[in-house]
Amino acid sequence: MISLDHVGVRFQGEELFSDISLLIGARDRIGLVGRNGTGKSTLFRVICGELEPSEGNVARAADLAIGHLAQHIAYTDTRSILEETLSAFGELKALEAKIEHLEALLQGGQFQDADEATEMAVRLAELTERHHLMGGAQQEAQAEQTLLGLGFEREQFSQPTSTLSGGWRMRVELAKILLAGADLLLLDEPTNHLDIESIQWLEDYLKEYRGALVLISHDRRFLDTVTNKTIEISLKRAYSFNVPYTKFKALRAEQREQQLAAYENQQELIEKTEDFIERFRYKPTKSNQVQARIKQLEKLERIEVEEEDNTQIHVRFPDAPRSGDVVVSAHDVSKQFGDHVVFRNANITIRRGEKVAFVGRNGEGKTTLVRCIKGELPYESGELKLGHNVLLGYFAQNQKAVLNPERTVYDTIDEVATGDIRTKIRDILAAFLFRGEDVDKKVQVLSGGERNRLAMAKLMLRPYNLLILDEPTNHLDMQAKDVLKQALLKYNGTLILVSHDRDFLDGLVDKVYEFSHGRVHEHLGGINVFLEHRRMQGLEELNQARAKKENDKKAKGGTEKSAGEKWKQKKQYENELNKRRKSIARLEEQSAVYEAQLKALEEQMAQLNENSDTKTLVQEYEKIQAANAALLKQWEEESYELEIIENEGLPE
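So the mapping is simple: my numbering equals the position in the sequence shown, first residue as 1, plus 12.
Hints in this document: simulated from the structure, not taken from any laboratory.
It is possible that part of the hints are untrue.
[Unchecked claim] Only pairs whose alpha carbons sit at most 27 angstroms apart, straight line, appear in this in silico DSS-like list of lysine-lysine:
1. Lys412 - Lys386
2. Lys295 - Lys386
3. Lys611 - Lys241
4. Lys523 - Lys241
5. Lys241 - Lys188
6. Lys502 - Lys261
7. Lys188 - Lys386
8. Lys219 - Lys248
9. Lys611 - Lys635
10. Lys241 - Lys259
11. Lys248 - Lys284
12. Lys311 - Lys397
13. Lys436 - Lys397
14. Lys259 - Lys635
15. Lys611 - Lys591
16. Lys248 - Lys261
17. Lys454 - Lys436
18. Lys259 - Lys386
19. Lys645 - Lys105
20. Lys497 - Lys261
21. Lys110 - Lys645
22. Lys594 - Lys188
23. Lys493 - Lys454
24. Lys219 - Lys594
25. Lys261 - Lys284
26. Lys436 - Lys502
27. Lys259 - Lys219
28. Lys453 - Lys248
29. Lys259 - Lys248
30. Lys386 - Lys397
31. Lys367 - Lys311
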C-alpha cells in the first residue's frame, strides 16, 4: 500500500532521521517506537502526506484511505457526541442523499419515458445494494457500540462535544477514525486518554480490524497484544524485526551482542595483522607475506557497531520517614458535585509500606478522592484521615496546570529546594536529562514529557512517606517508565498510583481499588488478578444476558409445532449454517494464499535494485491486492449474514 524509500527529514538544517525504508502491506500490524523526540509523529505526517520528506521517496497506492489520529487535533464542536461520531460515515450519508433523490424522482413521475424510469430504477437498486454492503442500516448501532467501548455512557450521546475535556474529545476522534474503515490506520498514542477497560476494548477491536495499522505507543502490553512487527527509531536510524515489542527488544539486544562480539574478534584480527606487517615490513624474506596481509586488510569489510542511546533519567526516592501503621483511612466517604454523585460510602484502608492502584473509567472519581485525601476538596459525609506523621508528596496528572509557565526549569527546582540541596540543583536536573541551556528554558515551552520529568525531580527534593502519583507515565517513553518503576519498587514508603498502564502496574502494586458506577471496590492482589476477575465477571454478565434472551424468547410462546416440523426446521437451519461456514472457510483459505503471495512480493520489493523489473512487480502486487480486497469484502458480507443467522437462532 505504501512504500518509503530512503526517507529523511531535516528541520532548519538539523537532521531528525534519515535513510528510513519501509513497506506497509494490506494487513500489517506495526508498532513504531523510540524515545520522545526521535521523530515518530513526524514520520506519521510523512506517511499520510502532510509533510514532504527532505530526502527519499514515498509511494502510495491509488485511492488509499488513511485514518490518522494525531496527538493534537483541531476540533469543530457544533454537534452532539453521537452526531459528531456519525460524521465518520460521510460516504454513506452522500449515498443516502442520492437514494432519497432517486426515490423522489420515481415517486413523483419525474422522468421522460419508460426507458429513463427503468434506468433510474436500476441505478436506485445499485445504490441501495451498495448502501447495504457498506453497512448502511448498521451505522448508528456501530457508532453507539464504539462509543460505549471507548468509555462513554449511553446518556452522554446527546451531550454537546463542546462540553468535553480534551481527553474525552480525543476519544470521539478515535471513534470516528475507527468507524471510517480506512485502509490504513495511523494511531499516535491512542491509549493516552483511555482507561484500562477501554484499552482492552480497543485491543480487541484492532485485532479484528481488516485494514493495516501503524501504532505509536509507549504501552508495552498494548503493543505486544496488537502488533506483530516493530520499528524503532534511535539515533536518527530505524531498526526493525517482524515481532512484537518485547521480543523485538530481546532480538535487538542479542543482535548487538553478536555484532559486538564480531567487532571485537575482527579488531583482534586487525591488531595481529598490523603487528605482523609492522614487525616484518623490512625483511625481504617476508615481503610476500607482508604484501598479502596488507591486501587482506584493504579488502576487509570493517564491522561497525551501531550506536546505542544510553541516556536515561536517574530516579531515587529519598528514604521515607516512619509513619503510623495506618497511612490513609476512609470510612463511608461520599462526594458529589451538585446532584452528581461521584462516589458514595467509600471504605479504604492503606497501611504503611503498601503500594496500591486506583483504577477505573475516567470520571469515576479517582482523582477526586486523591484531592479529598490531600485536603483540597471537602466531602459530603463519612470520615477520612491521614495517619500519624504522614508526609505527602503529590504528582499531578496535568503538570501544565500545576507548574508555573513563566518560571525556568532551574527556578522551578530552586524555589522548593532547601539547605545543601540548593548546591546540587544542576546535578539533580542533569539526572532528569536537563543539561546545559535546558535549565534556562521556561516551563511554558517544555514538552509533556519534559514537564513530567521536571515534576518528578521536585519529588526527589524532600523525604515523603506517602507518594500519590496521578498518571505519572503519561508522556514518558518506555525507558523512562522502566526507570521510574524500578525506583518505586525500591521506595520504602507508601504509594498510591492512579494509572491505566497495566505493564507499569504489574509487579508494582499488591492491592487495587476499583472506581465504578459511584462505588469503590477493594481487590486484593496485583493488577493481573484484578483483570482476570473483571474478565470472569464480564463473561458471567454476558451469559446472564444470553440466558435472559432465551427465557424472553420462550415466554413469548407461540403455536406448538409437531416433532417432524421441528426436525425439518432444525435440519434446514443446520444445512444453511454449514453451507455458509464452508463458503467463509474457502474465502479465508484463498485470502491466506493471496496474503502469502503479497508477502513474497513485499520481500522481493524490499531487495530491489536498479536492474530489477520494478514496474512488473508493483503491477502484480496491486493486482493481487485488489483481488484480495474484493475477496475480503465478500468475506465480510458472508460473515455478517452468518452472524445474523446465528444470533437469531433456530426458529421456535
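Given hint Lys454 paired with Lys493 - CA-CA distance at most 27 angstroms: Distance ~24 angstroms between Lys493 and Lys454 Cα, so the pair holds.
Lys261 and Lys284 were given as a pair; does the straight-line alpha-carbon distance stay at or below 27 angstroms? 35 angstroms, violated
Is Lys594 close enough to Lys188, meaning Cα to Cα at most 27 angstroms? Violated, at about 34 angstroms.
Given pair status - Lys397, Lys311, alpha carbons within 27 angstroms: 76 angstroms, violated
Lys259 and Lys248 were given as a pair; does the straight-line alpha-carbon distance stay at or below 27 angstroms? 22 angstroms, holds
Is Lys248 within 27 angstroms of Lys284, Cα to Cα? 34 angstroms, violated
Hinted pair, alpha-carbon criterion (27 angstroms max): Lys248, Lys261. Please report holds or violated. Holds. Lys248 to Lys261 sits at ~18 angstroms (cutoff 27 angstroms).
Is the straight-line distance between the alpha-carbon of Lys259 and that of Lys635 27 angstroms or less? With Cα atoms ~34 angstroms apart, Lys259 and Lys635 exceed 27 angstroms; violated.
Regarding the pair Lys453 and Lys248, is the alpha-carbon distance no greater than 27 angstroms? The hint holds at about 24 angstroms.
What's the verdict on Lys611 and Lys591, does the C-alpha distance respect the 27 angstroms limit or exceed it? 30 angstroms, violated
Tell me if the straight-line CA distance from Lys295 to Lys386 falls inside 27 angstroms. With a Cα-Cα distance of about 84 angstroms, the restraint between Lys295 and Lys386 is violated, given a limit of 27 angstroms.
Tell me if the straight-line CA distance from Lys454 to Lys436 falls inside 27 angstroms. Judged against 27 angstroms, a Cα distance of about 20 angstroms means the pair holds.
Hints 2, 4, 7, 8, 11, 12, 13, 14, 15, 18, 22, 25 and 31 from the earlier list are contradicted by this structure; the remaining hints agree with it.
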